[in-house]
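Assemble the complex: chain A is given as a structure, and chain B with the ligands must be docked to it using the hints.
Read off the chains here:
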Amino acid sequence: MSLLRVENISKSFKTLQVLRDVSLEVNPGERHVIIGPNGAGKTTLFHCITNILPIDSGAVYLDGKEISKLPAHHLAHLGMSRTFQKNNLFGDLTVEENIHLALAAKKPYRYDIFSPLISRTDIRKETNDILEQWEISNRRHVKVKHLSYGEQRLLEVLLAMASNPKILLLDEPTSGMSPAETAQTSEMIQKLPRSVALVVVEHDMDVVFAIADRITVLHHGEVILSGSPDEVRNNEVVKEIYFGGGAKKHA
Amino acid sequence: MKKLLLGVVLLIALVFAMPLVLSDFGINLATEIYIMAIFAMSLGLIMGYAGMVSLGHAGFFGIGAYTVAVIGQHVANTYLLLLLSVVISGLIALVTGAVFIRTSKFYFLMITLAFGQLLYVLFWQLKPWTGGADGMSVSAILNFGFGEIVSPNGFYYVMGIAFIIFYILLRLFVESPAGKITKGIMENEARMSALGYNVRVYKLLAYTLSGALAGLAGALYAYFNVFVSPDLSGWMFSGQVMVMVIIGGVGTLLGPALGASVFIYLQNFMSTYTERWPMVMGALLVALVLAGKGGLIHWLQHGKSLFVARKRTGEAVSQQPVKKGEAVH
Ligand SMILES: Nc1ncnc2c1ncn2[C@@H]1O[C@H](COP(=O)(O)OP(=O)(O)O)[C@@H](O)[C@H]1O
Ligand SMILES: [Mg+2]
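Each protein sequence line maps, in turn, to chains A and B. In terms of the working numbering, the first sequence is residues 12 to 262. In terms of the working numbering, the second sequence is residues 1183 to 1511.
Derived from the structure by calculation, the hints contain no laboratory data. Keep in mind it's a predicted model, so treat the numbers as computed, not measured. Some hints here could point you the wrong way.
[What the hints assert, rightly or not] Below, a list of computed lysine-lysine pairs in the DSS-like style, where the Cα atoms sit at most 30 Å apart:
| no. | chain 1 | residue 1 | chain 2 | residue 2 |
| --- | --- | --- | --- | --- |
| 1 | A | K156 | A | K97 |
| 2 | A | K80 | B | K1287 |
| 3 | A | K154 | A | K136 |
| 4 | B | K1486 | B | K1184 |
| 5 | A | K25 | B | K1287 |
| 6 | A | K117 | A | K97 |
| 7 | B | K1185 | A | K136 |
| 8 | A | K177 | A | K118 |
| 9 | A | K156 | B | K1486 |
| 10 | A | K154 | A | K117 |
| 11 | A | K118 | A | K97 |
| 12 | A | K117 | B | K1184 |
| 13 | B | K1486 | A | K154 |
| 14 | A | K154 | B | K1184 |
| 15 | A | K136 | B | K1184 |
| 16 | A | K76 | A | K177 |
| 17 | A | K156 | B | K1185 |
| 18 | A | K136 | A | K156 |
| 19 | A | K80 | A | K156 |
| 20 | A | K118 | A | K25 |
| 21 | B | K1309 | A | K118 |
| 22 | B | K1287 | A | K156 |
| 23 | B | K1185 | A | K154 |
| 24 | B | K1287 | A | K154 |
| 25 | A | K25 | A | K80 |
| 26 | A | K177 | A | K97 |
| 27 | A | K177 | A | K136 |
| 28 | A | K202 | A | K154 |
| 29 | A | K118 | A | K136 |
| 30 | A | K156 | B | K1184 |
| 31 | A | K177 | A | K202 |
| 32 | A | K97 | B | K1309 |
| 33 | B | K1185 | A | K117 |
| 34 | A | K117 | A | K76 |
| 35 | A | K117 | B | K1287 |
| 36 | B | K1486 | A | K118 |
[Claimed, not checked] Among the chain B residues that face chain A by a calculated CB cut under 7 Å, a handful are:
| no. | residue |
| --- | --- |
| 37 | A1258 |
| 38 | N1259 |
| 39 | P1359 |
| 40 | K1362 |
Note that CB positions come from ideal geometry on N, CA and C, so glycine has one too.
Next comes chain A alone, as it looks inside the complex (with noise of 0.2 Å):
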């Protein structure tokens, strides 16, 4: 059975229809590679998947259980984690302390009005880990705004793994990043364990076919193909409105 289940959705603002009878399945540990050009739609079915925004119509089932209805908080505790497009840290607090914020989520102390956050030694012993197996131990207590890009799209990352999600969305995981960053944060995707299914939105043709193990085209709101890295790489409609013609090194 596929972990995620998209199922027709649309989706309007006003009278501009951003997603029509859009549909999608993620097997467990999957990675699912949505590409398409700039406003295909593509951030617009994130939030849709992840309730930020209401759909219009259709369904998406994370399980076999219809999850669109429900409130965007309860989807971490069912195991789908997200990150946005646009960097969402808290800027003002150290990599530490929003490592701590990512954690507390599921802890039963999260409704504690008393006893100060960082007394508890269960978060403390997992944010260790977390800085641990990432190699930022370093960084530990610098304040977020003051790290370089790529380490916050890095952080953005990690705190989206951090409650052990099944199913993760990435939102142009690389924009914005130079060609290093993008070549190090690739790596890294690639290196995320099995036990997580990956939807990620990319650009960069080079990361969408290292990571890919299926491809969704997202053109004017429409899927117009889902397939293997192969398929989507010699379909003749792709090459035509996505990579203008075929022209480019991939093709």
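Chain B with the ligands in isolation, oriented as in the chain A frame:
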């Protein structure tokens, strides 16, 4: 936590040292300042840690004050009256907040303004109980079981200690998981929601705590002032406490308390010279906003960090030879 302990020791020292230098008038003024500081901290909590700007916070202050004035005619126990003030204002904050927090920033401002005005009118209209526009005197007398507190010094110490207690409680809240999470929500709601937090619960929690504390400040004020009137819930007073928070510094706890001190002091000081003291206050506010430092407390912190930085660079210089030595290896 060490910092909190140090801060509390300093505050205690302050509270107990002031009577040594203050005149009777000064004692009275300081007592009022402590009460207003509690009130300002309560508004500062939602403004600076939850991103909610209320123009009706005096509504809760009035509820607390009238609780002591009205129910105090029949109930003498100070603990019970204070508890009632906190519970009633907290409950009203909970119920109204459940609706208010769903609105956007602008509508929140408007709806809280309307809330405060509604209470103002209510205290005005319920003449048989509240004395209407004339207000009413407070017959309840402060008594914590150690005898009636009536002297200016007695009031001074009670309010000073209350201020310290609520400062500690607020500090604990701000450092607690719920406090940190609320701050996170203020900065980035969608993000916190995606991380799995029910953002409305936290906003409502902060609003309720803030309303309850404002009610308590009102209750203390009723004891202190022995007279309450609808103005305690009016928009003027709501605006004034907001000014206290802003000139003191949004986003800190002691900032609003400092703002309250400066505000009350200037109000008393200037009103003896000129009728136009609100203009002077306005000018001060504009100057502070233009200076862009975010309140008086930030000037203090800025001064402190300059001092600390100088000390640090001093240390760094003395360490340099060691580092150079390492570099040679
Ligand atoms: N909140 C919104 N209100 C109105 N239009 C929007 C909103 N968000 C996105 N859009 C429009 O929807 C279309 C798709 O946007 P988006 O999903 O961000 O595209 P993509 O992520 O594929 O670049 C764009 O035309 C954009 O202008
Ligand atoms: Mg986008």
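- Query: Is the straight-line distance between the alpha-carbon of K177(A) and that of K202(A) 30 Å or less?
  - Reply: 15 Å, holds
- Verify the proposed pairing of K1486(B) with K154(A), using a straight-line Cα cut of 30 Å. Distance of about 20 Å is within 30 Å: holds.
- Query: Hey, K117(A) versus K76(A), does the alpha-carbon distance stay inside 30 Å?
  - Reply: 20 Å, holds
- Task: Assess, step by step, whether the Cα of K1486(B) is no farther than 30 Å from the Cα of K1184(B), and give holds or violated.
- Result: 17 Å, holds
- Are K1185(B) and K154(A) close enough, with their CA atoms no more than 30 Å apart? 20 Å, holds
- Message: Next pair to validate is K25(A) with K80(A); report whether the Cα-Cα distance is within 30 Å.
- Response: Measuring from Cα to Cα gives roughly 21 Å; hence the hint holds.
- Query: CA of K177(A) to CA of K118(A), is that 30 Å or under?
  - Reply: Holds - the C-alpha atoms of K118(A) and K177(A) are around 18 Å apart, at most 30 Å.
- CA of K80(A) to CA of K156(A), is that 30 Å or under? Roughly 35 Å between the alpha carbons, so the hint for K80(A) and K156(A) is violated.
- Message: So if I understand the rule, the pair passes when the alpha-carbon distance is 30 Å or less; does K25(A) with K1287(B) pass?
- Response: 23 Å, holds
- Item | Distance restraint between K1309(B) and K118(A), which requires alpha-carbon spacing of 30 Å or less | Not OK: K1309(B) and K118(A) at ~50 Å, beyond 30 Å, violated.
- Task: Assess, step by step, whether the Cα of K1287(B) is no farther than 30 Å from the Cα of K156(A), and give holds or violated.
- Result: 25 Å, holds
- Message: Holds or violated: K154(A) and K1184(B), Cα atoms, limit 30 Å.
- Response: The hint holds at about 22 Å.
Hint compliance for this structure: hints 19, 20, 21, 32, 36, 37 and 38 are not met, and every other hint is.
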